[in-house]
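Chemist: Fit chain C to the given chain U structure using the hints.
2 protein chains.
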Amino acid sequence: MNHPPSAHLWPDNVRNDEGTWSMAGLTFAELAERFDTPSFLLDVAALRRRARRYREVFQGAFEAAGAHVQVYYASKAFSSTAVLRWVHAEGLRVDVASHGELLTAVRAGVPGPDIGLHGNNKSDAEIALALDHGIGRIIVDSLPEIDQVAELARIRGVRAPVLVRVTTGVHAGGHDFIATAHEDQKFGLSLASGAAAQALELIEANPHLELRGLHSHIGSQILDPEGFAAAAGALFTLRADLAADGGPVLPEVDLGGGLGIAYLPGDQEPNLEHIAARVADAVLAASEKDQLPLPELSFEPGRAVIGPAMCTLYRVGTVKPVALDDGGQRLYVSVDGGMSDNLRTALYGAAYHADLVSRHSTAEPLAARVVGMHCESGDVVVRDVRLPADITAGDLLAVPATGAYGRSMASNYNLVARPPVVAVADGGAREIVRRESIEDVLALDVG
Amino acid sequence: MNHPPSAHLWPDNVRNDEGTWSMAGLTFAELAERFDTPSFLLDVAALRRRARRYREVFQGAFEAAGAHVQVYYASKAFSSTAVLRWVHAEGLRVDVASHGELLTAVRAGVPGPDIGLHGNNKSDAEIALALDHGIGRIIVDSLPEIDQVAELARIRGVRAPVLVRVTTGVHAGGHDFIATAHEDQKFGLSLASGAAAQALELIEANPHLELRGLHSHIGSQILDPEGFAAAAGALFTLRADLAADGGPVLPEVDLGGGLGIAYLPGDQEPNLEHIAARVADAVLAASEKDQLPLPELSFEPGRAVIGPAMCTLYRVGTVKPVALDDGGQRLYVSVDGGMSDNLRTALYGAAYHADLVSRHSTAEPLAARVVGMHCESGDVVVRDVRLPADITAGDLLAVPATGAYGRSMASNYNLVARPPVVAVADGGAREIVRRESIEDVLALDVG
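Line by line, the protein sequences give chains U and C.
If you read the first sequence in my numbering, its first letter stands for residue -4, the second for the next number, and so on.
If you read the second sequence in my numbering, its first letter stands for residue -4, the second for the next number, and so on.
Just chain U, same shape as in the assembly (with noise of 0.2 Å):
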């Protein structure tokens, strides 16, 4: 069994061998046969290994400090059902952002108490069946928010659990942070403001409310823990001003998520155990300092769960060399997806790498670039890869590091139908969410 190239890029169970890959012992070509292509492959024992993974290995970092930890699944990278029961009985609890994303936590049989509900914009409703299941928390975001929820709760003759989102002044990704004072953006309550605290207030003088915690998130596809670190700090000064002023001893702290994954052969993914016990070391010192009790903590990784769990396939089509003013020549290799199911690459001038994975190929590699089949220049799906030669209409071409942001972002822009998420374990697989029909798509026009 031979890993293929570039192994820390695909999951687990991805096996090249001599040209033909598989995943957990199905072909790529046998299931672009059973399920057609494009596809979201999903590494279900890879997803399972990651979410404990990130479980075990925050909790171990707090361990000997006698710390509770729970660890967030963030649904908005990628949230079905199956995927998350598998996350959840890993250990991990789910965090949702709108009414789609905690329905599927409720049909998951996702328990009320392992539910936290996020958002800037919440509505009436969402909150409402959020109660309504017995909600673990609710991260309060605004001022006004905390009026809705109290009557709600009210209404419903409950105590709504909540944190405050606190908005620090970090903001942190890729191997750097910055701090400023005031941060520009829809989330969260100022710190430098006043606003965390005008809110911790209110809170606690509302009886219909039950005041949790601390919240914050600092950025997206973070690889270095000094942002972490940062925030940490920030949250437990407040944690102790609040207790200083004679007001509780909050039980919860939330660092939230945003963790990086590798997407290019030359990436390594982080280093969680590092990256876990920088934090631990920054929350036991603040908290050393404040002498309170350490609170229950809590991580929301969502993009480093599944991100590289999944992988796209691709079927090659129109294959064009395109002279370049240079003088060097890119080799345009176009794919039966795009932009619709891979929206990163134009939104954020996101990297990918691809392979071919349905034949071993000797010819030389050359510059290449994978653009789908939209009606639009800036459909790209990998801007810059090495393809061999002799790539061709037919090939089998894969992308990995996919299942964060690919299938959740999909759309259906030139009226093209989404594709599948195909669950592989054990030598089976099965679409967990299935590949969308053109009657699907224009079933909507009503005329």
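Certain hints may be false.
[As the list claims (entries may be wrong)] Distance windows between CB atoms, simulated:
#, chain 1, residue 1, chain 2, residue 2, range
1, U, 434, C, 288, 25 to 35 Å
2, U, 86, C, 176, 55 to 65 Å
3, C, 232, U, 323, 21 to 31 Å
[Unchecked claim] Examples of chain U residues lying across from chain C (beta carbon under 8 Å, computed):
#, residue
4, 74
5, 95
6, 98
7, 114
8, 116
9, 182
10, 319
11, 411
12, 436
Hints were generated in silico from the structure; no laboratory data involved.
Virtual Cβ for every residue (Gly too), placed ideally from N, Cα, C.
Modeler: Same frame as chain U, now just chain C:
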């Protein structure tokens, strides 16, 4: 009847009577009540007038020279059976770029000869359906596609009418254009490399193909005609060279689309008569030089026809003042949609305008940002706009010029259901694309 401020951004039949905004006689409040929010509102008369105007202005500019002109509506901007029926009734033909768009044109009753098929990676199924429907033209985009179309035509015993998409090296957008030898993009056959000439030769020699002419597309959101003039010069030179070498005199030249629209109060609509006249001058000058009969000409506006005929109606939720590091303040106004129904702000950094449309406010206008309800800080609908200081939850807000690439690029991100397109005309309104239900969205989740 009072026109709204910045009336040129809104559909023709939008009125503002002391804060009560309406479209074609129905108030935005009534429309919100009947169809809920968010909704795309289409002013049918405005759409039809714009379609008619684009046809008449381009036909008029070439009338004295006796040239026939066809205007094709580009489905990718927005496509539904009702919209295609209306633009076809106004004398436009229809461009499609996928199986779903072609099916929509067929179901709208657009005759095959009035349809053109685009695409850099056409599937056999798309081409077969096009030929079976007696399509007017297939715009060939690569050398391998020549054999692909020819084989499908041979099987059917028909001759497929084809144009060759030529990359001339001219790129345009806004008020400028550039010209390079080669084009580093997925579309078309290069003039400079000789690929375009090779394609013409192959098609001419193939008994299953009927070579109809040349096509070029130079960009999008174009406000200045010089790029069209430059591309026309290049295509006419190619056409004259072909004839001089003993080849046929090609009967068609398509100069593509990409005409811009106004998005902001300070933007002007491009001067259509001026653009058409300048393009006509360039075409007639080229034609005079080569001493050949004028070809039939065609143009392909999409955005320019549908974009300004629609606006999006949202309901305001959370309003949050955010302090900025420079001492200023920004009002974050959340609405019940976001990047799932208007991706262009996040995808292209596109700028939009917004107005309070449910009441008259005399409150001071403040610097504001209209944001969506998605769990993503980049989820912005309108980056910079001034809105009354008293804007509050429950108010209705409308964003103009959202007809193109709004609903067509919409997604279910965060498992949010997509808005309907409501056609409004003569005091009546109905959904032409119905609102998606959350059950529609979750129906694809098969567990």
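Chemist: Once the shortest beta carbon distance from residue 319/U to chain C is found, is it less than 8 Å?
Modeler: holds (6 Å)
Chemist: Looking only at beta-carbon atoms, does the pair residue 86/U, residue 176/C fall within the given range of 55 to 65 Å?
Modeler: holds (59 Å)
Chemist: Has the hinted range 21 to 31 Å been met by the Cβ atoms of residue 232/C and residue 323/U?
Modeler: With Cβ atoms ~26 Å apart, the hint holds.
Chemist: Just tell me: holds or violated, for the beta carbon distance of residue 434/U and residue 288/C against 25 to 35 Å?
Modeler: violated (46 Å)
Chemist: Hey, does the residue 182/U contact hint survive, CB to chain C under 8 Å?
Modeler: Cβ of residue 182/U sits 6 Å from chain C, so the hint holds.
Chemist: Regarding the hint that residue 95/U lies at the interface with chain C, is the smallest CB-CB distance below 8 Å?
Modeler: Result: holds, 3 Å to nearest chain C Cβ.
Chemist: Was the hint right that residue 116/U lines chain C, CB cutoff 8 Å?
Modeler: holds (4 Å)
Chemist: Mind checking the CB of residue 411/U against every CB in chain C and telling me if the closest is under 8 Å?
Modeler: This hint holds: residue 411/U lies near chain C, its Cβ roughly 6 Å from the closest one there, short of 8 Å.
Chemist: At a threshold of 8 Å, is the proposed contact between residue 74/U and chain C supported by beta-carbon distances?
Modeler: holds (6 Å)
Chemist: Interface hint check: residue 436/U, Cβ to nearest Cβ on chain C, cutoff 8 Å. Holds or violated?
Modeler: holds (6 Å)
Chemist: Going by Cβ atoms only, is residue 98/U closer than 8 Å to chain C?
Modeler: This hint holds: residue 98/U lies near chain C, its Cβ roughly 6 Å from the closest one there, short of 8 Å.
Chemist: Close enough to count: is the Cβ of residue 114/U nearer than 8 Å to one in chain C?
Modeler: Holds, because the Cβ-Cβ distance from residue 114/U to chain C comes to roughly 6 Å (cut-off 8 Å).
Going through the hint list in order, the structure does not satisfy hint 1, though it satisfies all others.
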